Amino acid sequence: MVCELSDFPPGPADGQIPLCKIDGDLHYSSPEFLNLHVYTSSVSDHPNVVISRDVLQPSLRKSYEGKVFLPTPDSMLQRLQDAWYECGIIRVLEVLSQTDGQPPSLFQRLASNILFACNIGKQLKEKFFSPSEERYFRGDEARVGPVICMSWHPSNTKLAIGTTDDSVSIFSVQTRITPVLKSKAQRRITDIAWRPLTAGELAVGCADGIALWNVDPNSFVARPSSSTAVVLRHSYVTSIAWSPQGDILVSCNGMDKSIVVWHVDTKERIAVPCAGGASFLLWNPSLSKLMAATLSKTFRLWSTEKWDCETWTTAGGRVTAAAWSHDGNCLLFATSALPYIYCLQRDRDLFGDAPPASIVANTTFVQIPGTEDMIGGEVKKMDWDSESRHLAVLFSEGHYVAVYITSLGTTLNIQPGFLIKGISDEIPTCFSFQKDFVDGANLTICWSTGRVQYFPMVYKRNLSSTFLRSRSAL
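The sequence shown runs 1 to 474 under the UniProt record's numbering.
Read the hints as simulated data drawn from the structure, not as lab findings. The reader is advised that the hints may include incorrect statements.
[Stated by the list, open to error] Cross-link-like lysine-lysine pairs, in silico, DSS-like; alpha carbons within 27 Å at most:
| id | residue 1 | residue 2 |
| --- | --- | --- |
| 1 | Lys-380 | Lys-297 |
| 2 | Lys-306 | Lys-267 |
| 3 | Lys-435 | Lys-421 |
| 4 | Lys-184 | Lys-267 |
| 5 | Lys-380 | Lys-435 |
| 6 | Lys-460 | Lys-435 |
| 7 | Lys-460 | Lys-421 |
| 8 | Lys-257 | Lys-306 |
| 9 | Lys-257 | Lys-297 |
| 10 | Lys-267 | Lys-257 |
| 11 | Lys-435 | Lys-182 |
| 12 | Lys-122 | Lys-184 |
| 13 | Lys-380 | Lys-257 |
| 14 | Lys-182 | Lys-267 |
| 15 | Lys-380 | Lys-421 |
What you are looking at is a predicted structure, and each value in this text was computed from that prediction instead of being measured.
Throw the hints in and build the complete structure from the sequences for me.
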């Protein structure tokens with residue numbers, strides 16, 4: 001049975017927003033009183049994530065190359081020498097073409113013509129001959145809000161958030177200090193990922209490659225030196241993913257014809273041919289499988305033992321979002337052309353002769369009852385919690401996050417759960433489930449205003465001893 005968005009229960013009509021879900025019951029609050037601790041203390045020891053005002057504006061991509069000091073009367077030779085050291089041959093031509101109010105000489109006219117030809121050539125190159133991956137990368141930069149991406153540590157309560165000023169902030173329960181990772185090589189961040197089985201190794205994908213940071217959890221340094229970051233060169237990285245053992249890092253570029261496999265400890269780089277490139281990567285949590293989406297109707301399931309793949313074709317459009325179940329037996333994905341969420345299950349689809357993927361959810365636009373808000377359309381991101389009981393879905397348009405209730409078996413059972421809305425006109429930009437949350441599931445949502453929200457879904461039978469002690473003391 002296909003799950004419909006129209007089956008989701010609407011929220012309260014008085015403007016209250018959901019805060020948490022405790023043993024199946026949703027709790028709401030007014031935007032003026034967002035006190036989550038009234039209902040649960042399961043996230044009371046979590047770091048308070050505050051995005052500073054410094055990152056509310058995007059990072060400047062270009063440095064200022066104008067004159068800083070007042071000009072002084074120098075000889076032509078001195079001016080040419082200064083121009084050469086300042087900006088190279090282009091600046092030299094600009095100095096030579098200056099007439100200073102006098103009729104231009106033959107040499108000045110020649111310099112002006114050469115400079116004009118250089119400018120025309122530069123404009124033509126940027127318009128028609130720039131690398132296709134750069135054009136694709138630039139087209140992917142339309143973002144809403146200061147937060148670009150986020151990643152929870154696999155085994156610690158530690159959250160990394162990448163922002164539009166090209167920095168990554170680390171929020172941890174272990175310390176009040178918030179390390180900020182920033183480097184000149186870390187330009188135009190696209191993705192971040194913690195290395196499994198390590199305390200503080202973080203990979204940051206960006207336009208110039210991958211920056212590998214090792215953040216000491218016991219350090220009191222708030223701004224680690226950029227010299228400590230190791231840069232793996234790979235232009236216009238759009239997605240990165242670690243193997244579950246943390247020994248292999250893979251990266252991709254939407255227009256590149258290969259997936260780059262990094263053996264990080266030895267700095268060995270292997271390019272695996274991949275026709276059509278890969279737009280994003282998703283490692284299977286338990287099997288040696290790597291899902292690689294492309295910019296076309298195909299996606300691939302790579303076997304990482306021999307690096308051979310199964311090629312799948314969607315019913316229409318490219319894959320825009322995907323999620324593996326915690327046991328690795330089920331893959332959910334959505335495409336850009338059709339408003340559905342599809343399911344591939346291991347027993348039936350991932351191996352051997354396979355029938356088509358089954359449709360499990362319909363994401364066609366619907367109006368939320370009692371409001372003028374719409375929800376649905378193209379799926380931008382989806383994430384499953386660590387026990388595959390909640391599936392969070394983010395759409396390309398709208399102000400809501402949809403949370404489905406799921407259960408695994410011979411077939412996937414998916415039911416409508418609830419909708420999460422922000423304050424006023426906030427738009428959800430990204431989210432992630434906490435990996436080591438023991439009391440159920442903790443969905444962390446970044447909103448367009450820079451607000452970061454914890455949304456715990458707590459089950460009493462899963463309550464940690466810390467939570468039980470805090471409740472018994474009340």
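Would you mind confirming whether the straight-line C-alpha gap from Lys-267 to Lys-257 stays at or under 27 Å?
-> This hinted pair holds, its Cα atoms lying about 21 Å apart.
If you draw a straight line from the CA of Lys-182 to the CA of Lys-267, is it 27 Å or shorter?
-> holds, 22 Å
Within 27 Å, alpha carbon to alpha carbon, are Lys-257 and Lys-306?
-> holds, 19 Å
Compare the distance between the alpha carbons of Lys-380 and Lys-421 with 27 Å, and conclude whether the hinted pair is satisfied.
-> At roughly 16 Å apart (the allowed maximum being 27 Å), Lys-421 and Lys-380 satisfy the hint.
When you check the alpha-carbon spacing of Lys-380 and Lys-435, does it fall within 27 Å?
-> holds, 21 Å
Going straight from one Cα to the other, do Lys-435 and Lys-421 come out at no more than 27 Å?
-> holds, 23 Å
Does Lys-297 lie within 27 Å of Lys-257 when you go C-alpha to C-alpha?
-> holds, 16 Å
Assess, step by step, whether the Cα of Lys-460 is no farther than 27 Å from the Cα of Lys-435, and give holds or violated.
-> Satisfied, since the Cα-Cα distance of roughly 19 Å is no more than 27 Å.
Does Lys-184 lie within 27 Å of Lys-122 when you go C-alpha to C-alpha?
-> This hinted pair holds, its Cα atoms lying about 24 Å apart.
Is Lys-380 close enough to Lys-297, meaning Cα to Cα at most 27 Å?
-> Since the Cα atoms of Lys-380 and Lys-297 sit roughly 16 Å apart, the hinted pair holds (cutoff 27 Å).
For the pair supplied as a hint, Lys-435 and Lys-182, is the alpha-carbon distance within the 27 Å limit?
-> holds, 25 Å
Straight-line Cα separation of Lys-380 and Lys-257 no greater than 27 Å?
-> Roughly 24 Å between the alpha carbons, so the hint for Lys-380 and Lys-257 holds.
Violated hints are absent here; each numbered hint is respected by the structure.
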